[in-house]
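Whenever a hint applies, use it, and build me the whole structure from the sequences.
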Amino acid sequence: MIPQGQREGTGLIVDDEPQIRRVVRNALQGELARLVEAATGSEGIDMAAAEKPILVVLDLGLPDMPGIEVCREIRKWSSAAIVVLSARQSDTEKALLLDAGADDYVTKPFSTLEFTARVRANLRRAQAAQRPSEHRVAIGELVMDLAARTVRRGEHTVHLTPIEWELLRTFATQAGRTLTHRQLFNAVWGRTFGDPQQYLRVHVANLRRKIEQDPLRPEIIVTEPGVGYRLEMPG
Amino acid sequence: MRETEWRGWRRRSLGRPGSWLFWAATLLAVTVALVSVRGELDQAHVTLIYMLVVLGGSASGGRALGFSLACACFLLIDYFLQTPYDTLSVDKPLDWLVLLAFLVTATVATQLLGRANAEAAAARRRAEEIDRLAALGAETLSAGRADDALAAIAKVIRETTGAAECHIYVAGTGGGFRLGAHAESAAAKAGGRDADRSTLETVAWVAEHRWAATERLDGTPVRTSAAQGASAALDAALAPARALLLPLVAHDKSVGVLLLADSYGLRLDPARRRFLDALSYYAALGIERVELVAEAEHAEALREADRLKDALLASVSHDLRTPLTTIKALAHDLAGGGDERAAVIEQQSDRLNHMVADLLDLSRLNAGGVPVHTEINAVEDLVGAAIQQVAGALGGRQLRTALALREPMPVGRFDFVHSLRILVNLIENALKYSPADTPIDVAMRGEGAMIAIAIADRGSGVPAAERERIFEPFYRPAGGASPDGARAGGAGLGLAIARRLALAQGGTLSYEDRPGGGSIFTLRLPAARLGAEGVEEAPPLAVSS
Chain S
1 MIPQGQREGT
11 GLIVDDEPQI
21 RRVVRNALQG
31 ELARLVEAAT
41 GSEGIDMAAA
51 EKPILVVLDL
61 GLPDMPGIEV
71 CREIRKWSSA
81 AIVVLSARQS
91 DTEKALLLDA
101 GADDYVTKPF
111 STLEFTARVR
121 ANLRRAQAAQ
131 RPSEHRVAIG
141 ELVMDLAART
151 VRRGEHTVHL
161 TPIEWELLRT
171 FATQAGRTLT
181 HRQLFNAVWG
191 RTFGDPQQYL
201 RVHVANLRRK
211 IEQDPLRPEI
221 IVTEPGVGYR
231 LEMPG
Chain L
1 MRETEWRGWR
11 RRSLGRPGSW
21 LFWAATLLAV
31 TVALVSVRGE
41 LDQAHVTLIY
51 MLVVLGGSAS
61 GGRALGFSLA
71 CACFLLIDYF
81 LQTPYDTLSV
91 DKPLDWLVLL
101 AFLVTATVAT
111 QLLGRANAEA
121 AAARRRAEEI
131 DRLAALGAET
141 LSAGRADDAL
151 AAIAKVIRET
161 TGAAECHIYV
171 AGTGGGFRLG
181 AHAESAAAKA
191 GGRDADRSTL
201 ETVAWVAEHR
211 WAATERLDGT
221 PVRTSAAQGA
231 SAALDAALAP
241 ARALLLPLVA
251 HDKSVGVLLL
261 ADSYGLRLDP
271 ARRRFLDALS
281 YYAALGIERV
291 ELVAEAEHAE
301 ALREADRLKD
311 ALLASVSHDL
321 RTPLTTIKAL
331 AHDLAGGGDE
341 RAAVIEQQSD
351 RLNHMVADLL
361 DLSRLNAGGV
371 PVHTEINAVE
381 DLVGAAIQQV
391 AGALGGRQLR
401 TALALREPMP
411 VGRFDFVHSL
421 RILVNLIENA
431 LKYSPADTPI
441 DVAMRGEGAM
451 IAIAIADRGS
461 GVPAAERERI
471 FEPFYRPAGG
481 ASPDGARAGG
491 AGLGLAIARR
501 LALAQGGTLS
511 YEDRPGGGSI
521 FTLRLPAARL
531 GAEGVEEAPP
541 LAVSS
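Quick mapping for you: the protein sequence lines, in order, are chains S and L.
So that you can map any letter, position 76 of the first sequence is 76 in this note's numbering, and since no number is skipped, the others follow by simple counting.
So that you can map any letter, position 33 of the second sequence is 33 in this note's numbering, and since no number is skipped, the others follow by simple counting.
No lab work stands behind these hints: they were computed from the structure.
Mixed in with the good hints, there may be bad ones.
Unchecked claim - Looking from chain S toward chain L, a few residues come up when the C-beta cut is under 10 Å (computed):
id, residue
1, LEU113
2, ALA205
3, PRO218
Unchecked claim - Computed far set for chain L versus chain S, every beta-carbon distance over 12 Å:
id, residue
4, LEU41
5, SER68
6, ARG115
7, ALA239
8, PRO270
9, ALA278
10, ASP306
11, LYS328
12, GLU346
13, ASN353
14, LEU365
15, PRO371
16, LEU399
17, ARG514
18, GLY518
Don't be surprised by glycine CBs; every beta carbon is placed ideally from N, CA and C.
This is how it looks when you write it as structure tokens:
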């Protein structure tokens with residue numbers, strides 16, 4: 001598997017608060033080989049172009065420009081994992097950010113542990129995206145065969161409807177990344193037909209009944225309230 | 001009616017002096033003309049010509065003139081135009097018959113004309129009243145300010161009743177009365193009445209009992225048991241009165257008092273009093289409008305204050321979170337090094353963050369600025385997200401859930417984020433207010449049009465007297481029902497926010513005692529019916545290998 005702490009690549013921290021930059025720097029110390037910092041949005045964009053970071057930690061409350069603009073700009077030419085720090089707890093804003101190209105967001109005040117875990121997951125996913133896709137995807141006990149379109153848990157085959165299969169496939173190919181409701185609609189209902197998009201949440205609940213040990217304590221598909229869902233890679 | 005019209009109306013009933021003179025002259029001229037040719041005239045010619053005079057007179061001059069003309073004609077025909085001439089005696093008995101027939105016909109015709117005239121006059125008055133009501137309605141509606149409308153009403157009432165003054169007293173919030181509007185004639189402007197103490201007392205009495213009162217010409221107050229101006233119970237009290245006070249009632253609420261005054265005595269006939277009742281209802285509505293406008297202005301001011309408060313709170317909450325992040329992160333690092341005090345700092349910064357969020361939410365809920373996005377959601381998804389959110393706060397506590405996978409999945413139409421907040425609040429409350437070694441139970445079920453999620457604990461429950469109070473903001477349980485005082489110290493906003501959020505999405509939040517001890521909080525949300533194509537079980541794709 002992928003090593004826990006990877007000591008390669010550059011991380012860029014864009015935040016106008018020196019104290020927050022310090023907290024983020026401490027949290028990322030063991031994860032990346034090098035960390036650079038920017039205090040404004042335009043400086044952040046310049047440094048993202050110059051340093052080619054694999055991770056950008058972006059604060060939304062920047063003095064010179066809206067964080068979402070910075071996010072959009074960087075995403076135009078960079079495939080770096082973008083993790084947004086937000087002080088507002090507005091979920092619509094978060095969904096907008098993810099739709100604008102951010103990979104993940106963390107709400108202030110955040111715990112260092114959670115933050116580090118999120119960063120790790122995003123880095124891992126960014127790396128995985130660069131490798132050729134595999135036929136078999138293992139999610140804990142669950143094994144998906146993308147070519148044969150089968151899902152097995154241990155010895156048992158899990159029976160999925162076409163929509164549930166599309167959902168799980170979408171999650172699995174972007175594991176660790178929070179997918180907004182809109183992104184899921186586009187990915188799943190863009191291929192199939194006839195099913196009202198409003199039932200997305202019900203389909204996810206049905207899927208959980210089939211693949212989770214306890215649908216009320218899901219470990220594979222995690223809900224991001226008001227934003228969307230995320231597939232967690234155990235381990 | 002205006003004063004001039006009122007005089008004109010009186011004149012019409014007696015007839016004008018001018019028309020009496022005119023018809024006397026006409027009669028004279030006709031007689032002179034007829035006498036000059038009386039030798040060649042037939043009786044029929046004579047009586048018909050005089051009949052025309054009588055009819056003309058009664059039509060233009062009224063009934064009294066008509067009768068007088070009829071009598072005068074009778075005498076003139078008898079004296080000048082019937083043989084023997086120039087004497088009242090008559091030759092032939094048949095001539096008497098002609099004369100009597102003339103008199104009866106003229107009288108009856110006059111009578112009929114008079115009645116028709118009276119009816120026409122009454123109809124004219126009705127039309128005028130209706131015009132006036134319409135004008136009043138238009139004026140009150142178009143008046144820019146509610147106070148102007150009330151003044152317009154007072155003016156119209158005064159002009160209609162012919163009183164010198166009209167005052168409208170408005171019931172104040174403190175129980176007293178203030179003069180809301182008044183109108184007075186030019187003559188009364190100099191020496192109008194003042195609102196003395198006894199007047200105000202009478203005003204208060206009228207408003208309280210909803211009965212009319214009057215004031216005699218000598219100033220003696222008379223309190224009646226008449227509810228309306230038109231009632232007969234008021235007749236005696238009005239006989240000679242210089243003031244009339246009527247209660248103003250709108251929507252069964254006593255809103256003020258109408259005072260009509262004229263130091264020379266009020267002249268109010270029953271018809272006019274009936275009209276006055278209609279007008280006074282307008283006055284009552286006018287007062288109501290004034291009050292509503294005042295209330296609306298007050299509410300607008302309060303809303304503005306709320307908006308400012310909300311903006312302030314939002315910015316404060318936002319600015320508080322940034323330093324909290326630093327404190328929490330640094331404390332977390334220190335706690336990792338084994339410093340217990342740092343763990344307390346982190347815990348308390350979480351608590352502070354929680355309170356900031358609560359305050360922000362409550363202020364937004366109060367300002368009505370919380371958007372609700374209701375969508376079709378699975379209850380399992382909601383409960384799962386709640387469990388995930390409280391996982392960190394469980395601290396080893398048991399959270400039991402019962403989920404029957406065979407049953408159809410409960411699905412509702414609600415706002416996921418708001419409902420999640422409610423459930424998290426309820427579970428955190430249950431954790432706070434029940435002993436650490438007891439489990440929390442979460443159950444969900446369909447209840448027809450609603451879906452219910454119940455959070456049950458084994459705490460001490462809520463005393464009957466406080467069951468509704470717990471949903472009020474800043475409520476704290478009396479005597480600290482929490483077994484763990486330190487953790488229970490929230491701002492007392494959780495349940496208040498939860499209930500408001502439930503109501504905002506068409507749901508309810510209620511409390512009941514748990515059999516065997518403890519509390520059950522039940523969140524009910526609208527259930528959703530899925531279409532046939534919604535979540536059907538299509539043939540599975542995956543085939544066993």
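Comparing the hints with the structure gives:
1. LEU113: Holds. Min distance 7 Å.
2. ALA205: Check passed: Cβ of ALA205 of chain S comes within 3 Å of chain L, closer than 10 Å.
3. PRO218: holds (5 Å)
4. LEU41: holds (105 Å)
5. SER68: Non-interface label on SER68 of chain L holds, nearest chain S Cβ at 92 Å vs cutoff 12 Å.
6. ARG115: holds (77 Å)
7. ALA239: The claim stands: ALA239 of chain L keeps its Cβ more than 12 Å from every Cβ of chain S (closest is about 75 Å).
8. PRO270: Consistent with the label, PRO270 of chain L stays out of reach of chain S, its closest Cβ about 69 Å off (over 12 Å).
9. ALA278: Holds, because the least Cβ-Cβ distance between ALA278 of chain L and chain S comes to about 56 Å, which exceeds 12 Å.
10. ASP306: Non-interface label stands for ASP306 of chain L: nearest chain S Cβ at 20 Å, farther than 12 Å.
11. LYS328: Incorrect as stated: the minimum Cβ-Cβ distance to chain S is 4 Å, not above 12 Å.
12. GLU346: Non-interface label on GLU346 of chain L violated, nearest chain S Cβ at 8 Å vs cutoff 12 Å.
13. ASN353: violated (6 Å)
14. LEU365: holds (15 Å)
15. PRO371: The assertion about PRO371 of chain L is violated, with a minimum of 8 Å to chain S.
16. LEU399: violated (9 Å)
17. ARG514: holds (21 Å)
18. GLY518: Since the minimum Cβ distance to chain S is about 21 Å, GLY518 of chain L lies beyond 12 Å and the statement holds.
In the structure shown, a violation is registered for the earlier hints numbered 11, 12, 13, 15 and 16, in ascending order.
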